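There are 2 protein chains.
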Amino acid sequence: MDATIIMPIGTLHEHVEAIFRKAGLNDIQSAALARVIVAGERDACKSHGIYRIEGALRTVKAGKVKPDAVPELMPREHGAIVRVNARHGFANPAFELGLPVLAERARVSGIAALVINDCTHFSALWPEVEAITVHGLAGLAMCPSYSTVAPAGGNKPLLGTNPFAFGWPRAGKDPYVFDFATSVAARGEIELHRRAGKALPEGWAIDAQGNLTTDPEAALAGAMLPFGGHKGSAISTMIELLAGVMIGDLTSPEVLDYLGTTTLAPPHGELIIAFSPEAFAAGRPGNPFERAEVLFDAIVDQGARLPSLRRYVARAKSQAEGITLTASETEQLERLLALGLDAVS
Amino acid sequence: MDATIIMPIGTLHEHVEAIFRKAGLNDIQSAALARVIVAGERDACKSHGIYRIEGALRTVKAGKVKPDAVPELMPREHGAIVRVNARHGFANPAFELGLPVLAERARVSGIAALVINDCTHFSALWPEVEAITVHGLAGLAMCPSYSTVAPAGGNKPLLGTNPFAFGWPRAGKDPYVFDFATSVAARGEIELHRRAGKALPEGWAIDAQGNLTTDPEAALAGAMLPFGGHKGSAISTMIELLAGVMIGDLTSPEVLDYLGTTTLAPPHGELIIAFSPEAFAAGRPGNPFERAEVLFDAIVDQGARLPSLRRYVARAKSQAEGITLTASETEQLERLLALGLDAVS
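Chains as they are written, first to last, in the numbering used here: chain A, 1 to 345; chain B, 1 to 345.
One should not assume that every hint holds.
Just so you know, same-sequence chains aren't split out, so a pair can sit in one copy or run between any two.
[What the hints assert, rightly or not] Here are the computed lysine to any residue pairs in the SDA-like style, where the Cα-Cα straight-line distance is at most 25 Å:
id, residue 1, residue 2
1, K198, G229
2, K198, D297
3, K46, K61
4, K66, Y51
5, K22, R76
If you are wondering where the hints come from, they were derived from the structure by calculation, not from laboratory data. Source: prediction; values computed, not measured.
So here's chain A without its partners, still in its complex pose (with noise of 0.2 Å):
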């Protein structure tokens, strides 16, 4: 087994940091990039963390992500749109931009969205709502993908993985968070099965004439199917129709007719909605704050759990004695360093 060391999260921060100056990336996208990428790795959702790094060097020396692009706050024409256009850059940097807007006109207007336009995103989405819940707010945000899934009933790729994050905030605690795929599996889960030479679970793919496989390569040649059948493959229509179409930014087809693969980071749009729970229940009887601990409780009372319990344990360990590396990983870190973007191909 790998040697591993421990390294305190500010360390490890500063070290990612380095790795996306050094391949060019301006200080606005080196820090953003580098605060997603060490809170996936803090909080042991590893497909999110350090092992995220090699692609968005690999999406920057391919020309198809902008390393020097600084997000621009646009003019505000409807009262509750706050956007912000990333210039081709990553869509964390212009998040980190909208937030503080977003947040001020949730509270004036009770409801606000943010549009993320001109955008490459490789991270996943509950960064995004975590913050929102911060400041008091409940936040829901979506983006389309590339298209790997095939609408139900249908036996093409079409839909992206689209995923759907919410956030609600509590009160001295970690906040309520989810964030999931609308495909059943991600497209790495079937990679690694293939890999491991292990067959699919039912219901995960079909294969290229449509049929269902379990199959990893017959998969990998057809399509992931979404989550839920019918009505998962609604919601991540309507995620392509929201968080694409309507804010004038690309689908997961269109994405991957520029893109051309699905190795690389997917430029599009991202559509956030934030929520003033003090506005919507003024004048109403009860504490929404305190209700909603209520609703927890009795979850959690039965034995189900709450979602993004296991990555607020890894934080807190993380938190209090650091983030656990490999040899491997830390060798990884220092050769990305050395080399910039000669690192990758």
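Position chain B against the provided structure of chain A, taking the given hints into account.
Chain B alone, transformed into the frame defined by chain A:
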């Protein structure tokens, strides 16, 4: 087999409206209820058609909804929240009162929410989102129900069947609309299996001990399951938070506590969100309505169906030929018209 008669849509509307008036509902309640019930029957959505009249009357007779309520548009305190208090009447006239204000706010603010408080809801949600699309807007609607569904990983009823509906306008065509329960199956479907002495499909329900069951009796004594495992459970929990707790209205466990039964229509609130695609797409390339058609074509071209198709086919037939009712259905309508509230226990 039952003899059938064919009745024009307008005639059925007059009959249903007259039944509600006879039962003591005021003009506003009677007309709005008749509209939504006739729409269900017209679309061959029998579970939300004239079958629902008795349940509405039983709820009136039990004193759990006010037959003479006049919904009230509340003063607007936050720019993008429109609030209607149903004054303990049905949700439908409250929605009709709030809709034009919601549409106007969505056009100005880009996004707006309609909160309906203190209402009794017994219809599907597709009439709401479809009515929003008539204004050229996209719409989301959701509400709690009563505790009949266990959260994923739990073993007791807590969540409601919490419906989630979405609509997108299509010029010259029936809108893209979906509306589904966040439980795997509707409670009525389990009851139908029980009456037919048939086993349930796997995964619909658990027994009172929390074990998976295919026995309808055991399922009715236990709990239904959310669709899509932990993902559907998370969406259902989100609906309790946004459309119950946040808007200062009852959650599904609170509804069950208040009502003491699942055989009457549930009192709670409803949350409806309207989006102006024109506002969201402003300044961006492409027309969102035309781009949505490209997506719909791609879904249909691979043999998948758009949701609500079955309803729209039935609707076209009803509009052309009238609505087909069985002799026992027309007898029941006559009995309800003659007896009013005395027709129900």
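Here is how each hint holds up against the structure:
1. K198 <-> G229: Classified as both; 24 Å inside a copy, 23 Å across copies.
2. K198 <-> D297: Classified as neither: same-chain Cα gap 39 Å, cross-chain 36 Å, threshold 25 Å.
3. K46 <-> K61: within (23 Å within a copy, 58 Å between copies)
4. K66 <-> Y51: Result: close within a single copy only, 20 Å intra versus 59 Å inter.
5. K22 <-> R76: Neither. Shortest intra-copy (35 Å) and inter-copy (52 Å) distances fail the 25 Å Cα cut-off.
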